[in-house]
Amino acid sequence: MAIDLFTLIAQIVNFIILVLLLRHFLFRRIVRVMDEREEAIARRVEEARRSKEAAEKEERSYWDKRRELDVKESELMSRAQGEAEEMKATLFREAREDVDRSQKHWRESLQAQKEAFLRDLRLRTGEQVFETARRVLKDLADEDLERRVVEVFLKRLGSLDGEKKREIKEAFESSKRDVNVVSRFEIPEKLKQKTVKAVKDLTDDEARVRFRTAEGLLGGIELEVRDRKIAWEIEDYLGDLTEKMAEAFEQRISEEEAEEKRVEEGASGQAGDEAG
Amino acid sequence: MNISPDATIFWQWGPVSLNATIVFTWLVMGLLVLLSWLITRNLSVESGLTRRQMMLETIVSAIRKQIREITGRDPDDYLPFLGTLFLFISLSNFLAIVPGYQPPTGSLTTTSALAVCVFFAVPAFGIAKDGVGRYLRHYIRPSVFMLPFHVIGELSRTLALAVRLFGNVMSGTLIAGLLLSVAPLFLPVLMQALGLLIGQIQAYIFAILATVYIASASRAREGGAPKAGGQPTEGG
Chain A
1 MAIDLFTLIA QIVNFIILVL LLRHFLFRRI VRVMDEREEA IARRVEEARR
51 SKEAAEKEER SYWDKRRELD VKESELMSRA QGEAEEMKAT LFREAREDVD
101 RSQKHWRESL QAQKEAFLRD LRLRTGEQVF ETARRVLKDL ADEDLERRVV
151 EVFLKRLGSL DGEKKREIKE AFESSKRDVN VVSRFEIPEK LKQKTVKAVK
201 DLTDDEARVR FRTAEGLLGG IELEVRDRKI AWEIEDYLGD LTEKMAEAFE
251 QRISEEEAEE KRVEEGASGQ AGDEAG
Chain B
1 MNISPDATIF WQWGPVSLNA TIVFTWLVMG LLVLLSWLIT RNLSVESGLT
51 RRQMMLETIV SAIRKQIREI TGRDPDDYLP FLGTLFLFIS LSNFLAIVPG
101 YQPPTGSLTT TSALAVCVFF AVPAFGIAKD GVGRYLRHYI RPSVFMLPFH
151 VIGELSRTLA LAVRLFGNVM SGTLIAGLLL SVAPLFLPVL MQALGLLIGQ
201 IQAYIFAILA TVYIASASRA REGGAPKAGG QPTEGG
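Here the protein sequences line up with chains A and B, keeping their order.
Our numbering applies: residue 1 is where the first sequence begins, and numbers increase by one.
Our numbering applies: residue 1 is where the second sequence begins, and numbers increase by one.
Calculated from the structure, these hints are not laboratory results.
Among the clues, some could well be false.
[To be verified] Here are the simulated DMTMM-like cross-link-like pairs (lysine to aspartate or glutamate), alpha carbons at most 20 Å apart as the crow flies:
(1) K65/B <-> E38/A
(2) K65/B <-> D35/A
(3) K65/B <-> E39/A
(4) K65/B <-> E36/A
(5) K229/A <-> E163/A
(6) K229/A <-> E215/A
Modelling step: build the complete structure from the supplied sequences, incorporating the hints.
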């Protein structure tokens, strides 16, 4: 149980040596490694914190930008919608104007065609009627139609009422006594003389009667004194036919227009639905 | 039956004797140094920590934490001394499970040597921090009449340290030996296990008391009231 001095000193020395050895081999090394690790972790945490801050900043700026873009987008959208509406209205208006214009143009061309047709019809019918009448007259009564026409015309001249006569006379006096007799056919000399005589009877004067032929008269004859006219034409008989044809035309056109309008209304209704 | 390993002498020349205490101390020292060297050879800072390194780091961290809690300062100044104290006593007691091994801590000489080391370490740490004058001044506080009591306190606690460790370890070995002759089966195993536990607790107590002494001396010098630990209550 006694304390051996040598052993005591030896143990103290042993312990001091052990402290030094462990300080070198264990504590310094392990503490250094642990400190380094702590530093590394602290550094990483700091880096992570900085990264997080940067990311948050980035995120904030991203959201700001996003919000800005949203606002801009809605502005652009509403503007584009407005422009589209405006453009739609303009295009509708232009289309309507186009349609109106082409309709008008079509109507005008139709009218012109109608007129041309009626004119042509009148001419051909007149010619046909004239020719038929001439042949019928020739076959039935051995009469010359042209001669009959002139005679009927002269008869009409002779049977003019006072008012007409006075008008003709006034016109004759203010027209340097020129009288034109226009016919579709060449009047035979004998009838020409009769005509001159009849004119002179009408005007009580020396009149300069000039004869000429014109295509458009439809087998008729006409006396022109300045702006006054006395005429006999087959066309007078065709008036009713022309009128009936014109009526038929008008009816057909109005039917087509009604149909067109109906189609158009359907189309515009559909377009309205689509726009809505 | 030898109570103390001091009595087992392998070689003697005059006053110089190579007894079991010294031999087993060398064995423990060799083991500690070898293990430390093996583990700290390839330490890694980042990833790829070995289990041995983890274990060692855990032990060292626990020691540092204890020192920091008691002293309230950076533990690295005290770590080599206090850490070695704990590891040496701990391994010495732990190896008691090896047949034929006699723990050097079961020798009053060894525990006295350790207590003497603590006895000198307390003023050494104090002086290293503040110089001789300031350290010595705390012996005459609050009054010069306290000087003998301070000196007696220092000596008695050193004695207490030495005897406490010796008594516990020696008694463990003694009880194991006694029981072996009375009831050779089972009971000695249980007592051996209990002895292991007591050995570790004693290692802890010795190291903690040494820390508290160093810390309390420093606190007294700073003039503050001792906080954690305070004046150590000695027991055993």
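Here is what the structure says about each hint:
1. K65/B <-> E38/A: 15 Å, holds
2. K65/B <-> D35/A: Between K65/B and D35/A the Cα gap is close to 14 Å, so the pair holds against 20 Å.
3. K65/B <-> E39/A: 18 Å, holds
4. K65/B <-> E36/A: 17 Å, holds
5. K229/A <-> E163/A: This hinted pair holds, its Cα atoms lying about 14 Å apart.
6. K229/A <-> E215/A: OK: K229/A and E215/A at ~17 Å, within 20 Å.
When held up to the earlier numbered hints, the structure conflicts with none and fits them all.
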